[in-house]
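Enquirer: Here are the chains, one letter per residue:
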Amino acid sequence: MMPAPVTLIDTARVAYMPPDGVLHGPAIDALMRWNLIALLVCFAAAHLWLIAAVLRRRKAAIPTPQSESQDADRLPKIFRWVLLGALCAMYVLMAITAQRLWAANRFEGPSLEAMQVEVVGQQFQWYFRYPGRDAVFGATQAEFANAAAGNPLGIDARDAQGADDMVSSVLVLPAGREVDLRLRSLDVIHGFFIPGMRLKQNAVPGLLLHVHFTPEVPGTYPILCSQVCGLGHARMEAQLRVVSPPEYEAWMVAHERAHVNRGGQ
Amino acid sequence: MIEGRTRLRLFTTDHRAVGVLYLLLALAAVTVGTFLSLLMRIHRVWPDTALPFFGVLKPEDYLALVTMHGTLMIFFVLTTAPQSGFANLVLPEQIGAREMAFPRINAAAFWLTVVAFLVLLAAFFVPKGAPISGWTSYPPLSAVPAAGPGQGAGMDVWLASIGIFCVASWLSSVNMLATILGERGAGMSWTRLPMTVWAWLVTSILTLLVFSVLLAAVILLFSDRHFGSSFFVPLGDMVNGRIVGRDDGSPLLWLHLFWFFGHPEVYIAVLPGMGLATSLLANFTRRPVPGYRVMAAMLIAIGLLGLVVWGHHMFVSGMNPYAGTAFALTTMAIAVPSTVEVLGWLAMLWGGGLRLKTPMLFTLGFLSFFIAGGLTGPILAQPALDTYLHNTFFVVAHFHLVMAMAGAFSLFAGVYYWFPLLAGRLMNEGLGKLHFWITVVAAYGTFFPMHLAGLAGEPRHYERLTGPVASFSGLLPLERGITYSAMLLASAQLLFLWNIFWSARRGAVAERNPWAATTLEWSPEKRLSRVNRGPYEYGANFGETDFCAQWEAVTKQE
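Just so you know, the sequences run in chain order L and H.
Throughout, the numbering used here is defined as the position within the first sequence, counted from one, plus 8.
Throughout, the numbering used here is defined as the position within the second sequence, counted from one, plus 205.
Just so you know, not all the hints are guaranteed correct.
[Stated by the list, open to error] Pairs of lysine to any residue residues, derived as SDA-like cross-links and limited to a Cα-Cα distance of at most 20 Å, are as follows:
| no. | chain 1 | residue 1 | chain 2 | residue 2 |
| --- | --- | --- | --- | --- |
| 1 | H | K333 | H | A358 |
| 2 | H | K263 | L | L63 |
| 3 | L | K85 | H | L551 |
| 4 | H | K638 | L | L63 |
| 5 | L | K85 | H | Y497 |
| 6 | L | K85 | H | R491 |
| 7 | H | K333 | L | G240 |
| 8 | H | K263 | L | R243 |
| 9 | L | K85 | H | R498 |
| 10 | L | K85 | H | A502 |
| 11 | L | K85 | H | G557 |
| 12 | L | K85 | H | W555 |
| 13 | H | K638 | L | L58 |
| 14 | H | K638 | H | G558 |
[To be verified] Per label pair, the in silico range of CB-to-CB distance:
| no. | chain 1 | residue 1 | chain 2 | residue 2 | range |
| --- | --- | --- | --- | --- | --- |
| 15 | H | G558 | L | F87 | 18 to 24 Å |
| 16 | L | Q149 | H | I505 | 51 to 57 Å |
| 17 | H | M692 | L | V261 | 53 to 59 Å |
| 18 | L | R108 | H | A351 | 42 to 48 Å |
| 19 | H | L386 | L | A60 | 40 to 46 Å |
| 20 | H | E304 | L | R108 | 54 to 60 Å |
| 21 | H | W707 | L | L56 | 34 to 40 Å |
| 22 | L | A171 | H | F653 | 53 to 59 Å |
| 23 | H | L386 | L | L56 | 40 to 46 Å |
| 24 | H | L386 | L | F87 | 36 to 42 Å |
| 25 | H | A391 | L | I45 | 53 to 59 Å |
| 26 | H | W707 | L | I45 | 43 to 49 Å |
| 27 | H | P526 | L | I45 | 24 to 30 Å |
[What the hints assert, rightly or not] Which stretches of chain H does chain L cover? Using the computed rule of at least three CB atoms under 8 Å from a CB of chain L, they are:
| no. | segment |
| --- | --- |
| 28 | 336-349 |
| 29 | 447-459 |
| 30 | 513-525 |
| 31 | 531-541 |
| 32 | 655-662 |
Just so you know, these hints were derived from the structure itself, not from any lab.
Computed from a predicted structure; not experimentally measured.
Every residue gets a Cβ at the ideal spot worked out from N, C-alpha and C, and that includes glycine.
Looking at chain L on its own, in the form it has when it is part of the complex (with noise of 0.2 Å):
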């Protein structure tokens, strides 16, 4: 996704936010740029300040004692007063704007027309399982987990609504459909962060979390773990392959003759 950088303005051009491809992207890194300009002109303002006070020259005179003007060279009190309303201003406009997008993408669920996909987590893999035809997860059982045998996940074999479940090593979804991800991690927990469609989640065992997100333009974006999980945690990749519907459903079915093949689960 980076290639290698020949110059130094290659190495500029990959250190900030890769191109998100997801509804939600714009608003939040609108949201990140004003935020960073302001913080950057605060931090510039400030240091400027430092550097002003580190060359001015004390004013010749002693003040008299005792008395307020003492501290003629003192700031005057409005001044401090005014700074301190515009700074608080803008950590309450940051704060309002930011919960705003916040309460968007979390506080309501999906959509009922989302497509729902399960992201398991395990050290140091990401599974992903669909549903299949019948839109239902079969029951899992930790003690039925077995990678070698086919069955990374558990599926229970006498669910039969398990038995048109598939599962994939690499998220594919169709572009422009909302998706609603269910995660789990089987072991330790592990941080599900997909930086092209400014999503993280950890996955925690013993809790079902769910996120969504609509994916918009169509490409490879790779999926990382983010939350420190072993020896193996910084190969701990996926990818996500956001294709166009026809092509998902041409994926699908591939899949599901593939699945069919090997007897299901």
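Fit chain H to the known structure of chain L by using the hints.
Expert: This is chain H only, laid out in the frame that chain L set:
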């Protein structure tokens, strides 16, 4: 010339000697911690290079380095030195007390800390080495020995060390609290306390509250590992092919307990620096502290608010998103008292004419890093943005600037400032200034570019930059620059060490009150009758001088 230089005796109960011992312990810890960080930096950019003690690093070795670096720096440097180290040096004098309230408990606390330190280092030498789950030790990774190398004996040793450390900091803060509350001399009213004492008061209370919770959490985790309980491991949890979850525990419980400790811990590390900065700015600008009561109140406000912001470490942890909003708002609220403090300091600089001695330079450096690191706080406090930045190098940049560098610079400022009190000599100014300028440039060179790596999405705890799917090799030139800068940063500290050793024997002999300071540790008399004035009476014309020390008789002003 100061009489009766501080003599260093082991098992002493003299508070000043205990303070020096704490600083020496912190020096040992910071030396090891810095060495480990250099190994990490070298491995990141030259992964195939053989390193001292480790050879070519294995992935688990890298994570062990991360864990031990974080644990050493946070517990044994940033918790011990600014609080126990400096407070033991000067706290009793600053409040007009003759001694600490409980000198023996105080000394016991130090020796327990030494034990904790040695136990921690032992983790490198147990079978399979040091733990790899980071200083936050999230379960089940930390609860199940099979989860990785170092998670067996190494993790047990880590837990033991932290448990001992909790008890030690507890004892130390009980002593400090009792001293501040009960041992103040005549006339030392609340509004006459130097700001450092206010800071130590707040950090002592925080230490009592949060280290108790950490101790409880550590004991619960130990019990999960050895006594068959299941506080943090959920039912059916399967690690390395074996079912280890016997009962329905919750990993999130650990996160709550740990961060209830972990966030106030940051304030324990940095509040003493804030108090010291206030005192030093008053001294080296020769001005009183504007709004003394407000500044003290804001330290308390930061301490109190600091107890209710821990959830901002958990926005993506699976915590309820509504709770995320609540913690985001408390976190934004803590920006307000911090801003008041910063504006107070900046206002003190307004008149210019600063005395740019080395302690003042390091105070200005503290201010610079506190601002630089503090400003990214509001970004990370917002769950919408933190969901992208969480656990990336952006966060590494944030806390290394606001906690590590601001903390280290306040430590440097304190050492340069109080050195004459211990050695009777001043530290060399030329060397000190050189040390400051190299350190400030190298520190920015090391930690500022990490923001960019974080924005590019690079997660923490990655032992290599290239993976099968995602590659951060585009960041290699940046990473190389960081590594060079970190090497410069570390080697510049040799100047500081040399300065200490050289100045202790050859430095310019100091007068009794070399900085023309007002607070009581600089008083010429050991015993004083009564404190008659506030801590920062600078700037006006008091006869011959431009300041009036706290030990001066009440008549001097007339």
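Enquirer: Now look at each hint and say whether the structure bears it out.
Expert: Here is how each hint holds up against the structure:
1. With a CA separation close to 8 Å, the supplied pair K333/H and A358/H stays within the 20 Å bound.
2. Annotation: proposed proximity of K263/H to L63/L is violated, straight-line Cα distance about 50 Å (limit 20 Å).
3. With a C-alpha separation of about 12 Å, the suggested pairing of K85/L with L551/H holds against the 20 Å cut-off.
4. A distance of roughly 16 Å separates the Cα atoms of K638/H and L63/L; the hinted pair therefore holds under the 20 Å criterion.
5. Restraint check: the Cα-Cα separation between K85/L and Y497/H comes to about 14 Å, which is no more than 20 Å; the hinted pair holds.
6. Between K85/L and R491/H the CA atoms are separated by roughly 19 Å; this keeps the pair inside 20 Å, and the hint holds.
7. Distance hint between K333/H and G240/L is fulfilled; the C-alpha atoms sit about 16 Å from each other, no more than 20 Å.
8. A threshold of 20 Å between alpha carbons decides the hint, and for K263/H with R243/L the separation of about 13 Å falls inside it, so the pair holds.
9. Distance check on the hinted pair: K85/L and R498/H sit about 15 Å apart at the alpha-carbon level, within 20 Å; holds.
10. Between the alpha carbons of K85/L and A502/H the distance comes to roughly 18 Å, so the proposed pair stays at or under 20 Å and holds.
11. Our distance criterion of 20 Å between C-alpha atoms is met by K85/L and G557/H, whose separation comes to about 17 Å.
12. Between K85/L and W555/H, the direct Cα distance comes to roughly 12 Å. Compliance with the 20 Å bound is thereby established for this hinted pair.
13. For the proposed pair K638/H and L58/L, the alpha carbon gap of about 17 Å is at most 20 Å, so the pair holds.
14. The hinted pair formed by K638/H and G558/H meets the criterion: a straight-line CA distance of about 18 Å does not exceed 20 Å.
15. Here the CB-CB span from G558/H to F87/L is close to 19 Å, well matched to the stated 18 to 24 Å.
16. About 53 Å separates the C-beta atoms of Q149/L and I505/H, a value consistent with the hinted range of 51 to 57 Å.
17. A C-beta distance of roughly 56 Å is found between M692/H and V261/L, which places it inside the suggested range of 53 to 59 Å.
18. Judged by the Cβ atoms, the range 42 to 48 Å given for R108/L and A351/H holds: they are separated by roughly 44 Å.
19. Taking 40 to 46 Å as the suggested C-beta distance range, the pair L386/H and A60/L conforms, at roughly 42 Å.
20. For the hinted restraint 54 to 60 Å between E304/H and R108/L, the CB-CB distance of approximately 56 Å keeps it satisfied.
21. Checking the proposed 34 to 40 Å range against W707/H and L56/L shows it holds: the Cβ atoms sit about 36 Å from each other.
22. The hinted range of 53 to 59 Å is satisfied by A171/L and F653/H, whose Cβ atoms lie roughly 55 Å apart.
23. Hint check: L386/H to L56/L, Cβ distance near 42 Å, so the stated range 40 to 46 Å holds.
24. Range check, L386/H to F87/L: Cβ separation about 37 Å, and the 36 to 42 Å hint holds.
25. Separation of A391/H from I45/L is about 54 Å and conforms to the stated range, judged on CB atoms against 53 to 59 Å.
26. Between W707/H and I45/L the CB atoms are about 46 Å apart, so this pair conforms to the stated range of 43 to 49 Å.
27. For the pair P526/H and I45/L, the supplied restraint of 24 to 30 Å holds, since their beta-carbon distance comes to about 27 Å.
28. A stretch counts as covered by a chain when three or more of its residues have a beta carbon under 8 Å from one of that chain; for the segment 336-349 of chain H and chain L the count is 8, and the coverage holds.
29. Remark: the segment 447-459 of chain H is confirmed as covered by chain L, as 7 of its residues place a Cβ nearer than 8 Å to a Cβ of that chain, reaching the required three.
30. With 3 residues having a Cβ less than 8 Å from any Cβ of chain L, the segment 513-525 of chain H passes the three-residue criterion, so the hint holds.
31. For the segment 531-541 of chain H, the assignment as covered by chain L holds, since 5 residues bring a beta-carbon within under 8 Å of that chain's beta-carbons and 3 suffice.
32. With 5 residues carrying a beta carbon less than 8 Å from a beta carbon of chain L, the segment 655-662 of chain H meets the three-residue requirement, and the given coverage holds.
Figure legend: structure checked against the earlier numbered hints; the only hint not met is number 2.
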